[in-house]
Each structure stands twice: as C-alpha cells, then as structure tokens.
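Asks: First to last, the sequence lines map onto chains A and B.
Once you know that position 393 of the first sequence is 393 in the working numbering, the rest is easy, because the numbers rise by one and skip nothing.
Once you know that position 108 of the second sequence is 1108 in the working numbering, the rest is easy, because the numbers rise by one and skip nothing.
If you're looking for bench data, these hints aren't it; they were derived computationally from the structure.
The beta-carbon is built from N, C-alpha and C at its ideal position, and this holds for glycine as well.
If you only want the chain B side, here are some residues facing chain A, beta carbon under 10 Å, derived:
id	residue
1	1029
2	1157
3	1160
4	1173
5	1174
6	1237
Sample of chain A residues lacking proximity to chain B, with all beta carbon distances greater than 10 Å (derived):
id	residue
7	30
8	37
9	80
10	93
11	125
12	255
13	264
14	286
15	325
16	330
17	350
18	366
19	412
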Amino acid sequence: MAESNLIMVGVNHKTTPVELREKLAFTKGKIEDSTEKLGSFPEVEENLIISTCNRVEIYARVKNVDQGISRLKNFICDYHEIPLDQLDNHFYSYCEEQTVEHLFRVSSSLDSMVLGESQILGQVKDAYSLAKSLRGTGIILNQLFEKAFNVAKRIREETGIAENAVSISSAAVDLARKIFDDLETHTVMLVGTGEMAELAAKHLMSYGVKTIYVASRTYERAASLAKTLNGSALDFDAFKDELYRADIVISSTAAPKFIISKDMVERAIHQRKNRPMFFIDIAVPRDIAPEVNDLENVFLYDIDDLQAVVNANMVERQREAELAAEIIRVEVDKFNGWMDSLDAVPTIIELRKRAERIRRQEMEKALKKMPHLSKEDENNIHQMSISIVNKLLHKPTVNLKDKTRSSEGQTYLKAIRDLFHLDD
Amino acid sequence: MTLIAFNIALISYLVASLEYFIYLVYRKQFVSTLAAITVGVGWLFHTLVIILRSQETGHGPYTTSFEVAIFFSWVMVLVYFLVNWKYKIKDLGSFVIPVAFLTLLYATFLSKEAVVFPESQFQILLTLHRTLSILGSVAFAMAFAAGLMYLIQEKQVKSKKLGIMYFRMPSLEILDNLNYKVIVVGFPLFTLGFMTGSIWNAQMNQLSLFSWDLVKTWPLVIGWFLYGLIFFGRLLVGLQGKKAAQFSIFGFITIMLTYLLHV
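With the sequences and hints as input, model every part of the structure.
Replies: Next up, the structure:
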C-alpha cells in the first residue's frame, strides 16, 4: 500500500566530519519545531528525528519513496541553511526494510563508533518519546521503534556485544572483578592523583568499593581527592607501610623511576597472609616494577596491558556483532510480516462493512414480513444474523492476515477485492 | 533392569559432558539448560541403580570397587547440583560432570560381582569408614574441579592473555573460596573415614592402630597430609590462591591412586 513507505535520511560519524555534523544537529527546541514542519508536508505521514553527537537521522513514513527522500534531504539543508550540493555526498538514505534494518542496527549499537556502547539506545528512546509526544509518529513508526527497543534488548541479552570492557578504566574494573568477587569488601589505594586514576577509582566505587586511601607527594592534593572520593588521605612516605591494606592499588604518579618495588610488594603480601593484590599502573613512565607480577597472588597491569585487553575485547565484540546481525535479519523479516499484514486491514474493514450492510438490509426486509414477532424473538433473529456473518467471515479474515505476510499476499488481496466487488 | 538404568545414567552423563563442553565454547544458554536436564535425568537413573543394587546385595553401595565408583559418582553429581545452586558458577559442569562420567565409565570395567562380607561385630566401623571416605573424596573432587578452574583463570589473568575462558569463569576469589569450603567439609569427613578404617583394620586383624600396609596406603598418607596442609595452612599462614589450587589437584590425584590401590 502506498501509505506505508518507510524511509530514512541521515548523516553519521562515518559519512560526515564533525564540523558538518555539529551544524546539522537538532536541539530539543529545533526538533519540536521541525517535527511540526515535517508533518505539515502533504507527502509526510509520520516523522521522527534522532539527533546525537554522532548522528542526525530522520525517519518517516511517506506517500512516495523518492519524493520523500528528497523532501527530507531538502528539509535538513533548508532548515540549517546549508546548500544541498555541499551535503549530498554525506547523506545516506534507506527505504522500506533497509530502513527497518538500519534502525535496528542503530538502536542495538551496531552502527555506533564504539560497538556495543549503551548510550545510543537511551538516545533513540528519548527521540521516540519526544516525537510521540509531538504526535510526529503514528501506528507504523510507533510499532517500528517499539520493536527496535525489543531487538536492542534481545541483542544485549543474547550476545556478548556489550559484555567486555572497551575503555581502560572499565577494563581495569573488569579485571578487578575477575580477581575479587565482591568489591564492596575490598580496599583501594590510589598512589598519585592522576585523572585516569580518579576515573578508575570512581568506576570501582560504582561497583561497591567503600574504602579508599589516597597518597600523593603533595598531601593537599591527596586530601582533596580523598574528599571527593569519600576516602582517607595518606602521607606519601606512609603509603609503603600501608600498602598491605590495599587489595587494589592504582598508581599514577609522575615519578621518573619505579616507586613500588618487588620487595615492597613481597612484604605487603606477606603481611596480608597471601590475600591477592591487584596493581594497576597507569603512569608513564611506569611506577611499579614489572617483576611484581612474578609474585604469587599478585597481578600487575600497566597501561599497555590494559590497552591490549581493550583491543582484544573490541575484537570479541566484533565477533558478537555477527551474532547480532543474525538476530536483526530475523527481526526485520518479522517486522516486514507485520507491515504486510497491515495491507490486509483496509480490505478486511471494507469486507466487514459490506457484510454488515447486507445483513441490515436483509434483517429489515425479513422483520417487515413478520410483524407478529415478539421483541424477544426479534432480538434472537437479530443475534443469529450477527453470528452467521461473524462465523462466515472469521476464517477468511484470519487467513487473509496470514497470507498477506507471504509472497502471494497481493494475489489474495486482489482476489478478495474482485470476488466481493469491493472496488466498485 | 539395573544394567539398563546404569547405561542410561552413563549415556546421560556422556551427553551432558558434551553439552557442557559445547556450552563452554559456544555459550548458548539453552545448551546449558539442556545439559542440566540431561544430568538430572541421568542422576535419577543413577539413583535407581544404587537402590536396585542395594536391594540385590542387601547392603549399601560401598563394598566392591564397582559399588564405590558408582556411589562416588552419584554423590559427586548431587554435590554439583548443590554447589551450583549456591554459587551459580556457569562452567562448573564442564569440569565436574566429565569426572562423574569417567568414574562411571571406569565402573563398567570393574567386576559387578556382589561380595557378601561375613557378618562381624565391626561391620558398623567398616560401613562408617567407607561412607565417610567416599563423602570426603567427593568433596576433594569438587576441590579438584575448583582448583583446576582457578589455575586456568589465574594463568589467564597473570599472563594477560584473556582467552575465551576468562569471560566465562567466575572470579578467582569465588573459586578459591569454593576450594576452601569443600575442603573444610571434606577434610574432617575424610579424616574420620581414615580413622574408622584404621580402627576397623586394627580390630579385625588384631593389629596395632598404626600398622598399615604402606604399599597400599602411601598415596593416602600423602593426600591426607596435603589436604591437612590446605586445611590448617589457610588458617595459620594464609595458604591460599594458586598454592591451595595446586595442592588440591595433587591431593585428588593421590586420592585416585589410593582408590586404585586400596579398594
């Protein structure tokens, strides 16, 4: 049916440099304005705008695919006052099931800069609820987006696409959680107050770490960071003696030489009765002697090690993305099936209207010939006529919905329309 | 009937072992569920085997090598279910169920003859000795599985080569904890089994309490010593992590040797 042509037009981080993308961004206010403007074009039936720092995309249901796509492109250019020839090479556009597939990929984060990141789903959800509240979307886009959220959820649950850390600090936290079970009962010590160390500490806190010590050459900095992290500051000279208290040590000083030696850690681990320790050295040059890793129950990762973990995780995500693509193919097919079954709806409604009209006419005729009937009998005959019509039409209705999902759908629709003269 | 039930249990454990292996590699949730169901079915038939066998022989399943093997394997699967229920370690089955399967497979090569012991006043000691020893050994087998998983995971984290097992396996702390907990339960049981066995031996043969046949019992002495080291070592000097894992693997090897030489 002509009314359910789905299209999308957009730019993203792959096709368009940031200098251009930022000019095309739609703030919330601009979206409110644009959704209404788009809706006022006669060929646009439904529309929805997604605008994030990595992408600007407009999804729409239009009467005609080609006209619709050029309408959306022109709209974006006109709205931001950029000539079309400057943007045309950056645009990508999809129609019909490609649109569905693209949206499923976007919301499942297969199209993101960092594969599997979780922000995009929230951004798409926000865009959807805004468009919905502005009445930009209708039956089709609503169903499409609801479905896209389900698909994203399914992919997150069934594949490992979001499983492995792809940032240095989250890789460090992951490792900590593979060494220690419950981070809540473990203690973190920061040696040096680098920004990355702070980030990693905050990340660990979000997993329940409660006790944090901070040591720095300048006590004031240690104290101020300790305050933000709700921990306690240590004198720099004292940290060596307190090392045994820490399960996780994050080191990020600017010291030119190693400040934590193997001997020092050996002493600490002895004091701890061999309870494991995890050292994270994010300083360059390094703070912790690499031989520390040779000690039993001690694990040392420097910045390169963490980067290698991140790289390996990226590869793993890539592999999971293939599984996700499989799920998307299946879900796109399902959605197309739903779309096709919509084609049947107008026909079914007409068929039912026709049947109802005939029933009424015949009922009136019959009742006129039988004026002696009581109210109750009249009612019974009335009920009977309704159920005859319903029972006759029930199977064809169900079957027609099913058949329109198959390749011969259009044939069936046409046959029904011809047989019942619905197009008269 | 016993034989049919036995074969069903054996095949179930084989299939479950394969399923757990597939799960380890391909990480499909339904395979794990399927494996758990397969083990469950196998275990029910396994239970049936033990009941039938006990009816046939008129005593508990711990007299011959064959009976000990099937009983050991049965308790092992039971303990696996309990541990999994408590700790929810996804890949434990991949390590434990093959052991249960292999034990049962080994049993098929053993004589199925029932042995009737002459009634004796020390019968109760012997029964206690066997039951406690088997329960202790199962705990050690669990410690073995936990230790093996610990070493695999430890090696990955230490060498910084995070392979596919890294993502699947629980934290080192959980594995170390499990290792310790099963030994805390297993060591006293096993020690009591050891002691009742010595007493029985001494009473039966009118010998002194310490006159063991060293040819038959040397691995037992080593194993018992190793577990004792883990048991007390943790409390006293913080023996844990890699050493505890290694000891519990060596310990289990000695227990298996003991079984081969002793039963």
